[in-house]
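Enquirer: My request is simple: use the sequences and hints to build the entire structure.
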Amino acid sequence: MSSLISVLVVEPSDIIAEGLRSLLSQAGGYNVLAPMHDTSMLQERLPVLRPDLLIINPTLLSSTPRSQMASIESQRPSMTIVALVYQYIESSVLDLFRFRLDIRCCRSAMLSLLKDAVQSMQVKTDKEYVADDYELSERETDVLVLVAKGLSSKEIADKLNISIHTVNSHRKNITHKTGIKSVAGLAVYAMIHNLME
Amino acid sequence: MFTPRMKLADIIAANHNVILLLPRFGIPLGFGEKSVREVCASSGVPEDFMLLICNLYTFEDYLPLIDELSEIDMSPLVPYLKASHRYYTEERLPHIGAHIDNIAGRIDNRYGKVFQQFYADFRNQIEEHFSSEERYEFARVLALQQGASRRGLMKGTSKRSHPDLVDKLNDLTQIVYKYLPGNVLPEETMELVFDILQLSSDIQKHALIEDKILQPYMQWLERRGK
Numbered sequence: 235m236s237s238l239i240s241v242l243v244v245e246p247s248d249i250i251a252e253g254l255r256s257l258l259s260q261a262g263g264y265n266v267l268a269p270m271h272d273t274s275m276l277q278e279r280l281p282v283l284r285p286d287l288l289i290i291n292p293t294l295l296s297s298t299p300r301s302q303m304a305s306i307e308s309q310r311p312s313m314t315i316v317a318l319v320y321q322y323i324e325s326s327v328l329d330l331f332r333f334r335l336d337i338r339c340c341r342s343a344m345l346s347l348l349k350d351a352v353q354s355m356q357v358k359t360d361k362e363y364v365a366d367d368y369e370l371s372e373r374e375t376d377v378l379v380l381v382a383k384g385l386s387s388k389e390i391a392d393k394l395n396i397s398i399h400t401v402n403s404h405r406k407n408i409t410h411k412t413g414i415k416s417v418a419g420l421a422v423y424a425m426i427h428n429l430m431e
Numbered sequence: 000m001f002t003p004r005m006k007l008a009d010i011i012a013a014n015h016n017v018i019l020l021l022p023r024f025g026i027p028l029g030f031g032e033k034s035v036r037e038v039c040a041s042s043g044v045p046e047d048f049m050l051l052i053c054n055l056y057t058f059e060d061y062l063p064l065i066d067e068l069s070e071i072d073m074s075p076l077v078p079y080l081k082a083s084h085r086y087y088t089e090e091r092l093p094h095i096g097a098h099i100d101n102i103a104g105r106i107d108n109r110y111g112k113v114f115q116q117f118y119a120d121f122r123n124q125i126e127e128h129f130s131s132e133e134r135y136e137f138a139r140v141l142a143l144q145q146g147a148s149r150r151g152l153m154k155g156t157s158k159r160s161h162p163d164l165v166d167k168l169n170d171l172t173q174i175v176y177k178y179l180p181g182n183v184l185p186e187e188t189m190e191l192v193f194d195i196l197q198l199s200s201d202i203q204k205h206a207l208i209e210d211k212i213l214q215p216y217m218q219w220l221e222r223r224g225k
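Chains as they are written, first to last, in my numbering: chain A, 235 to 431; chain B, 0 to 225.
There's no promise every hint is true.
Claimed, not checked - Chain B is faced by these chain A residues, among others (derived, beta-carbon under 10 Å): (1) A268; (2) P269; (3) C339; (4) H410; (5) T412; (6) G413; (7) I414; (8) L420; (9) A421; (10) V422; (11) I426; (12) H427.
For the record, the hints were derived by calculation from the structure and aren't laboratory data.
Keep in mind it's a predicted model, so treat the numbers as computed, not measured.
Backbone N, C-alpha and C fix where the C-beta goes; we use that ideal spot for every residue, glycine too.
Expert: In structure tokens, the structure reads:
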């Protein structure tokens, strides 16, 4: 990730978008993309623009804000979405946002909120990194083989000299990485991967 | 939500999975431009029950409460669920099994065997689950509907939970498209994946009907018959 945080503002008013741009460029560390006036092209443009932060006026969401938010999020899961607030917005819509930037607040309050939003984004990307790491570790492979042989978590803990807690956490990771939940399914997985002698 | 005045053809255009439900109601194709009301009347199916099932299969967040259910003619509930069981056990599971046997016969014999064994175990489990549901819950609802009092009725619940069975189906899909060698019978493997996905989404709706419609309805009948 480059050190500059790339920000996309979706806001109908040019004056407000411009105000936000000048605030962010003075604060430094942000790369502000050309603003959009509505959401008509948002979904198509997200994969190209790849913003880290999306600051959007919630009044621009469609009549089904929840599903629109979900599809925006799924389009770019690593991005954090911030509501841009300066007029009345229904609380059910506002609740969809974890971060709300109220431009009637002072500069420092606005900047600290954006800092929080950026931080939450870094946590998100860290998590994604772990999720992509799908290769089973040596220990997880040991546990998998014993699960496939039909041993219980307790028996595996005794055999490997680790706590049952650790066994369960290995089992959770195995399921997460292979996509397989049942013991029988894991046995097939172990067999196909030549893990059973 | 679907209503009795809508054309059946329009409902199917909105959700093509509804077409799979028609044989379970004994409704044949060839209904032309008829409305749900007309089709149901000519096939002797209560329209409110038919719409209940179609709506459940189509709208994710639709789940009627017992007040609403008690207004609906629920006499076809058990026959409908049994027809679904028959569709799974007599048509879908053997069809998927034939694909699996074909593919297993073409890959390394050792994997082939475990793969077949996995499916055979799953099939046994699900068939056992269906037949114990029919023995306990279904029989109980039928008796209560005919006015039997709850005393004197056999108590008992079916084995194996629905989430467990859905997990197994999910595992089966994962194994087929992620871990089986992809160069053996690619077209048939693809067909198999789609067959399993289709069955899996059908069974999830079926389980929803049993957990969120059949169960509360049975409890309501018990309270009423006290």
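Enquirer: Taking the hints in turn, state whether each one holds.
Expert: Quick rundown of the hints versus the structure:
Residue-level restraint check for A268(A) is violated (minimum Cβ-Cβ distance to chain B is 37 Å; threshold 10 Å). Given the 10 Å rule on beta carbons, the hint for P269(A) is violated: about 35 Å separates it from the nearest Cβ of chain B. Checking C339(A) against chain B: minimum C-beta separation of about 36 Å lies over 10 Å; hint violated. With a cut of 10 Å, the hint placing H410(A) at the interface with chain B is violated, because the nearest CB-to-CB distance is about 12 Å.
Hint status for T412(A) relative to chain B: holds, with the closest Cβ pair at about 7 Å, below 10 Å. Of the supplied interface hints, the one on G413(A) holds, with its beta-carbon coming within about 4 Å of a beta-carbon of chain B, less than 10 Å. For I414(A), the interface hint holds, since its Cβ comes within 10 Å of a Cβ in chain B; the closest pair sits about 5 Å apart. Interface restraint check: L420(A) against chain B, minimum CB-CB distance 8 Å, threshold 10 Å, status holds.
Checking A421(A) against chain B: minimum C-beta separation of about 7 Å stays under 10 Å; hint holds. Interface hint at V422(A): satisfied, since its Cβ lies 5 Å from the closest Cβ of chain B, which is below the 10 Å cut-off. Given the 10 Å rule on beta carbons, the hint for I426(A) holds: about 5 Å separates it from the nearest Cβ of chain B. This hint holds: H427(A) has a C-beta 8 Å from the nearest C-beta of chain B, less than the 10 Å allowed.
Taken one by one, the earlier hints fail for this structure at numbers 1, 2, 3, 4, listed in ascending order.
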